[in-house]
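Student: What follows is the residue order along each chain.
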Amino acid sequence: MTDRPLVEELRLFLGDPQTWWGPASIPLRLGEHLLLSAVAVLAAAALVIPPALWAAHRRRGVVAAAAVVNIGRAVPTFGILVVVVVWLGLGPWPALVALVALSGPPMFTNTVAAVLAVDPAVLESAWGMGMTGRAVLMKVELPLALPVIAEGIRIAISQVIATATLAALAAGGGLGRFIVDGFAKRDQGELLMGAVLVAAVAVVAEMLFTRGQRRLVPSQASAEGSR
Amino acid sequence: MSDQAGAAGQPMISLQDVSKTYDAASAPAVESLTLEILSGEIVVLVGPSGCGKTTVLKMINRLVEPTSGDIEVAGTPVGEGEPHLLRRSIGYVIQQVGLFPHWTVRRNIATVPELLGWSPQRISDRTGELARLVGLDESMLDRYPGALSGGQQQRVGVARALAADPPVLLMDEPFGAVDPIVRHRLQDELVDLQKRLRKTIVFVTHDIEEAIKLGDRIVILNVGGVLEQQGSPAEILSRPANRFVEDFIGAERNLQRLALRRVAELRLKWGPMVEVSTTPEAAREAAAREGTEWVGLLSDGVMAGWVPVSELPESPSLEGLEPRPFGAVVSRRASLRQTVDAMVGSSQEMAVVAEDGYYCGLVDFRMVSEALGSQRGSRAGG
Ligand SMILES: Nc1ncnc2c1ncn2[C@@H]1O[C@H](COP(=O)(O)OP(=O)(O)OP(=O)(O)O)[C@@H](O)[C@H]1O
Ligand SMILES: [Mg+2]
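So the sequence lines, in the order shown, correspond to chains A and B.
Mapping the first sequence onto the numbering used here, position 36 (from 1) lands on 36, and the numbers just tick up by one.
Mapping the second sequence onto the numbering used here, position 85 (from 1) lands on 1085, and the numbers just tick up by one.
Not one of these hints is a red herring.
So, partial list: chain A residues that the calculated Cβ filter (under 10 Å) puts toward chain B:
#1 Asp119
#2 Pro120
#3 Ala121
#4 Val122
#5 Leu123
#6 Glu124
#7 Ser125
#8 Gly128
#9 Gly130
#10 Met131
#11 Thr132
#12 Ala135
#13 Val140
#14 Leu144
#15 Leu146
It should be emphasised that the hints constitute simulated quantities derived from the structure, not laboratory data.
Glycine included, each C-beta is placed from N, C-alpha and C at the ideal position.
Take the sequences, apply the hints, and build the full model.
Tutor: If you want it as C-alpha cells, here you go:
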C-alpha cells in the first residue's frame, strides 16, 4: 500500500457530508461513545465504590470481595462481550456490561487500598474523639482516601474510553464503528480517523479529569506545602 | 471554663479487677488490675514496653473492651450506653497526635464541639480560647497540620482533647515523639495548665523522669499489666517496694544523685507563712495566694508551726492559736535525699527548711525533681 491512497481516502472520508451529519457521522458516534463510557463508569462506580468503602471501613470481607472483583480483571473484556451477546443479543447492553466489568476492579481496589492506608493514628483519634462509625467513614476515611479513589476512577475512564471501541462489534455504536466499518470497506481513511478519534478522546478525557482531580482535593495540596 | 464534675478527692475513674486478653494472645495484656484515680489528680502509668499501659487507657474510653472486671468513670460503668458518647466526655491525646490532615487546625480543635452540635459562634469563641490556653498563635489556626512542627502539633492535640472541657483526660505518651527541649517545655506547660484546669488526668509514659515531674501519683506496671507499686513520686523514689521498681526507676542512681545535692542549692519558696503578729485576714490571704489549706506561723522569724485555714479565728489576732508542729523539718545543709525521706513522712509532701529554729523556706517534691533534672542541663526555659 502506498501513501497516496491513504491521503486520498482520508480526504474523501473527511469530505463526505455523511461524515459530519447524519446517523453515521462523527458527532453522533462520538456522542454514543462518550455516553456509553460515562454510563459504564458511573454504573461501575455506583456498584463498586460504596461496598468497597464499607468493607474497608469495617476491615471485613476485603480479601473475599477483592477476589470476586478481580475475576473481572482476569476475564478478557472481549470474552465478556461475546458471552453477553450470546446471552442478551446485539445492541449497547453487552458492551455496557463488559465495560462495567472492566472499570469496576481498578475503582474497587483503589478504594479499598486508599481506606486501608489511612494513618492508624488518625483513625484512633477519630474514634477516640467520639465519632460514630459513620462519621469516621464520611468525615475521615472517605476524604483522606479521595485522591487515590479518584486515581482509580481516572484509570477506569481511560480504559473504558479505549475499550468502548469494542462496542461496535456488538452493534453497540460508538467511534469503534469507524474502525470496524473501515476494516470492512477497506477504507483506510475511515479506519485511521476512527483510531485517531478514540485516542484523542481518551487523552482529552484524561486531561479534563486530572484538572478536576486537582480541584477535588485542594486541601491535600496545601497540607503538603508549609507556606 | 465550666466546673469539673466530682469534687477533688473523690474517685473519678475506678478499675476493679480488670483483665484484658487480646483475641490473638495467649498471655493477658492486663491482669486483675485494681486502680482508683481521684478527681483532679494526675496519675502517671509507667512501665516497660508492652506492660499494658496503652491497653489500660483504651479500656477507660472503650477503644478496647476489657475481658473481665468493672471500669467506672464519674460513678457510671463505662459499659453503659454508647461508646461514642462516653468518648466525647473524655479527652484523648496520643503520641502520634493523629490530627486530621485534611482539616485546618481550627477545625481539628473543634472536632468534639462539632460532634456535640455546638453553635458556630460558640465553637469559634472556644477555639480562640483554647489556642491561647495551649500557647498556639492565632495565625496557626487556619493552617493545615502538615505545616506545623511536632511541638505545635501536639499543642493542637491537647487543645483538641480539651475542646469540650471534659473532666477526664487520657494522655498516651503525648510528648514521646518531640525532641527533649520541646518535651520539657510541653511538660512545664501541662503542669501550668493543670494548676488552672484541675482535670483528672491519666498519663502514660516510659520515662520515669517525666512521671516524677508530672505525677501526683505514679503507678508502676510490669509486663502483663501487673501493678508493682503506686504512690507519690517521693514515696516511689525513696521507698521502692521491690527490686523491679528499684531497677525500673533507677533508684540507686537517682538516690545517689539526691544524696549528692543539698537543700542550700535550691531556691526555696516562701510559702503561706505569716508572723503571729499579723491578722487572720493576712493569713487567709497568704493561704489563698499559695493555694494551700493551711498557714504557717512565725514569731519573729522563729517557726511556731501550722494551723488549718478552717481554724483561723474571726478575732483580729492570731495570738492564742495552738500551731501544730511541722512534720518534716530539715536544715539547709541536709541532702536532698534526707529531705525526700522527711517529706514522705509528712502529709503535705513538702519540707520546711529551718536553721536553729529560724524559718528559711519550703521545699516541695517538684523542686527536688527539677533539681534532679537540671543536673543534666537538659531543661529548657518555658
Ligand atoms: N490489638 C492488639 N491485639 C493483640 N495484642 C495486642 C494488641 N494491642 C496490644 N497488644 C499486646 O498487649 C500487650 C500490651 O500492649 P500495650 O500496647 O498496652 O502496651 P504498652 O505498655 O502501651 O507498650 P508501649 O510502652 O510499647 O506502648 C503487648 O504484649 C501487646 O503486644
Ligand atoms: Mg503504649
